[in-house]
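These protein sequences, in sequence, are chains W and B. 49 is the number of the first residue of the first sequence in my numbering; add one for each residue after it. 49 is the number of the first residue of the second sequence in my numbering; add one for each residue after it.
Keep in mind the hints are simulated off the structure, nothing from the lab. Each hint should be verified, as a subset may be incorrect.
[To be verified] If the Cβ cut is set under 10 Å, some of the chain W residues that face chain B in the computed set are:
hint, residue
1, Thr-186
2, Asp-263
3, Phe-264
4, His-268
5, Ile-279
6, Arg-281
7, Trp-299
Ideal placement from N, C-alpha and C gives every residue a C-beta, glycine not left out.
The residues making up each chain are set out below.
Number of protein chains: 2
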Amino acid sequence: MKPISTQNDPLPSWNEDTNKKAIIDFVKAVTTEDDKTYVPALDRVAVFDNDGTLWSEKPFYFQLFFALDRVKALADAHPEWHDQQPYKDILEDDIEGFLSGGMKALLEVVMATHSNTTSEEFEQIVLDWIVSARHPTTGRLYTEMIYQPMLELLEYLQANGFRNYIASAGGIEFMRAWVEDVYRIPPEQVIGSSIETKFEIQDGYPVLVRIPKLDFVDDHEGKPVGIHKFIGRRPILAMGNSDGDLQMFQWTSAGKGPRFIGLIHHTDNQREWAYDRESLVGKLDKALDEARQKNWTIVDMKTDWRIVYPWES
Amino acid sequence: MKPISTQNDPLPSWNEDTNKKAIIDFVKAVTTEDDKTYVPALDRVAVFDNDGTLWSEKPFYFQLFFALDRVKALADAHPEWHDQQPYKDILEDDIEGFLSGGMKALLEVVMATHSNTTSEEFEQIVLDWIVSARHPTTGRLYTEMIYQPMLELLEYLQANGFRNYIASAGGIEFMRAWVEDVYRIPPEQVIGSSIETKFEIQDGYPVLVRIPKLDFVDDHEGKPVGIHKFIGRRPILAMGNSDGDLQMFQWTSAGKGPRFIGLIHHTDNQREWAYDRESLVGKLDKALDEARQKNWTIVDMKTDWRIVYPWES
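Here chain W stands alone, though its shape is the one from the complex (with noise of 0.2 Å):
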């Protein structure tokens, strides 16, 4: 293990090896006046994912684990839940069961442990289990399940005026809440998957009311479209780990001038899990493919970060 330097090397938990020579190499071409490649501050727009490229998604995308906590902290108000599915399989731990509902038990727990509250209530929800819950196999915090050598590239690419936002197929408000002091990314800089809101005045107090309806989804040919609306700019570098980025590094690569796009690649089963395109969560299939032919830069997490998660250094 080579000795941290901070001071000299902006990515000290990357290893020598190409990749990160690419960023570096991307990041002065795109900061060097009088180069022709040169981009304007206001133009350094950076995408990242975020379930698989700043955090760990397995064994399920955290935000379930969320869901599910949640369905137990209402089970006392939802007598009925006891002898209804999908509820009946989460309040038995019979994760296996609710999970073969598919998609429709899925979206109908999301939205009976999303909504119905206000945005203040709701925020202080996931701010209350975000520094409490504990992943299930590490045990640890999920705010500690971030990359370290993300961390830093983070930094490094603020340090270079660079704009970091998430366009992620997680929930908005869920990472507004925790993001910033996690990632240091601002709540104006988060895109993601949301429910319907309302304005209401309770009690003579304005509030935003949650309501149980979807009203985007972040992801696939949706992360282009939700980049375009909350920035109006095309991102110059796109980092993800799946499918789901696909359309996100295809919209982010044609624009003109310099682009780096960055595909995180699971291949480390001891330190982190080993997954792609059979994985459930986080499928990794056709953006692979296409990465490899269009020469994106894909990070094998074995062998390009000396550090995964902040705890190991």
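Take the given structure of chain W and dock chain B to it, following the hints.
Same frame as chain W, now just chain B:
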């Protein structure tokens, strides 16, 4: 007329009365460290309505003139429009007739003129129009009919660490094409009404196609919804001029700590227009009552503004 002294006076086009002082006092209160009223820069979010707040909106919202001009530009490709309402009225310059069709006619024309292009094509169409179209009574470019006092306010706030957002019922893509040049507000700080877009690969090139289907109406109850969706923070300053801004005012003012709510009252029939409770465009009725009741700042255009449009100076 007093001499302009931009060096010492950040708001030279505002007359020396209590409203100018109220603005400056507020900015000092939230930017003076160690004051109880201090607000960290990240939370200094300001939201501005556009039509009637940053530029004029008479005789009709300027975007409507864009739509009418588009009907004429597209008429050759739509010979059926010459015998079909509401297009027939527009092509015969019978604007009164067209407006008598109400919201239904308006929505049909907006959809027909704002969709079925890619996002890039639409931006170019707006840009071509905004640099050439002329206001029907002043003969000025629409972008000349912006308020000099508000330009100064935007600059003053920005110089004090604020991030200025537009929150307008106008089309988000219509505004983004030109507001950065005109107001120094970047596209990612523009919130507006939108139609849906769809990601497609056309001849190998990824595009976003604009679909004739409403996505979001950023007006009345929609304004706090849009602000929360796009920014995820509650603004500390809001300015608007009509009942469509009332819920934005309520949402902004309900936050903890110092708040500034500014209502532009159109009172100057000489230099601009005078209208409020009875006006179809920019109707100001309930918001005027609530502003008086809650002691929000009511900007009287006639007495507060030494200059209205930039060309007067």
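Here is what the structure says about each hint:
no. : hint    : in the structure
1   : Thr-186 : violated, 29 Å
2   : Asp-263 : holds, 8 Å
3   : Phe-264 : holds, 9 Å
4   : His-268 : holds, 8 Å
5   : Ile-279 : holds, 5 Å
6   : Arg-281 : holds, 6 Å
7   : Trp-299 : holds, 5 Å
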